[in-house]
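What follows is each chain in one-letter form.
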Amino acid sequence: GENVEQHPSTLSVQEGDSAVIKCTYSDSASNYFPWYKQELGKRPQLIIDIRSNVGEKKDQRIAVTLNKTAKHFSLHITETQPEDSAVYFCAASNTGFQKLVFGTGTRLLVSP
Amino acid sequence: NAGVTQTPKFRVLKTGQSMTLLCAQDMNHEYMYWYRQDPGMGLRLIHYSVGEGTTAKGEVPDGYNVSRLKKQNFLLGLESAAPSQTSVYFCASSYSVGGEWTEAFFGQGTRLTVV
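Sequence order for the protein chains is A and B.
Just so we're aligned, residue 1 is where the first sequence starts under the working numbering, counting upward by one.
Just so we're aligned, residue 113 is where the second sequence starts under the working numbering, counting upward by one.
Since the hints were made in silico from the structure, they are not lab data.
A portion of the hints provided could be inaccurate.
16 Å max Cα-Cα, derived EDC-like pairs, lysine to aspartate or glutamate [claimed, not checked]: (1) A:42 with A:84; (2) A:37 with A:2; (3) A:68 with A:49; (4) A:68 with A:5; (5) B:169 with A:2; (6) A:68 with A:2; (7) A:37 with B:215; (8) A:42 with A:83; (9) A:42 with B:150.
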């Protein structure tokens, strides 16, 4: 089955810096890659997603890139703000299996 | 429109007791999931359902059972609770459009402690 690895497990940056979180997946048939943000004590919420027919997607300060050949995808946050502090999860899905497999999460801390 | 609602929000069980967690969604989604979240281990899939009356095992199904008798509800049962089942449980629902995945919506979580 699908296996998703996520790095780093923790990431500390200064406000205004960029942050990059990387994930690799094992199943070449996976075709949907969402990223979720989870604030302390809250539920995970989708922040951006990308499908396998696209190499990059951007939404304001957040972007995701996908390299299907290498089977990895990354989340890029620019001009980080303290409110970006949270745990971020990547995930991968294959429509045929109809389930979402998550990475282990990255705790991002943005210091003022 | 409440989205995905989980009941209860908190629960403490003694080892060997049983309980049922209820997940209800009002978005007419086909797919529903139960995950558990443990520190450093992300969200691990317990069981899932691709439609009313169907269920399937995820990554960590042992010690849990599920039922989806109605499209809007997905129940997670613990027959004989063990301390290893202390966790935060999340329910989620999703749907596909033309075979394409869409966003998974999560419930607020249930914090379960087994003593």
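Checked hints:
{"no.": "1", "hint": "A:42 with A:84", "in the structure": "holds (14 Å)"}
{"no.": "2", "hint": "A:37 with A:2", "in the structure": "violated (21 Å)"}
{"no.": "3", "hint": "A:68 with A:49", "in the structure": "holds (15 Å)"}
{"no.": "4", "hint": "A:68 with A:5", "in the structure": "holds (15 Å)"}
{"no.": "5", "hint": "B:169 with A:2", "in the structure": "holds (14 Å)"}
{"no.": "6", "hint": "A:68 with A:2", "in the structure": "holds (14 Å)"}
{"no.": "7", "hint": "A:37 with B:215", "in the structure": "holds (13 Å)"}
{"no.": "8", "hint": "A:42 with A:83", "in the structure": "holds (14 Å)"}
{"no.": "9", "hint": "A:42 with B:150", "in the structure": "holds (14 Å)"}
Checked against the numbered hints given earlier, the structure breaks only hint 2 and satisfies all the rest.
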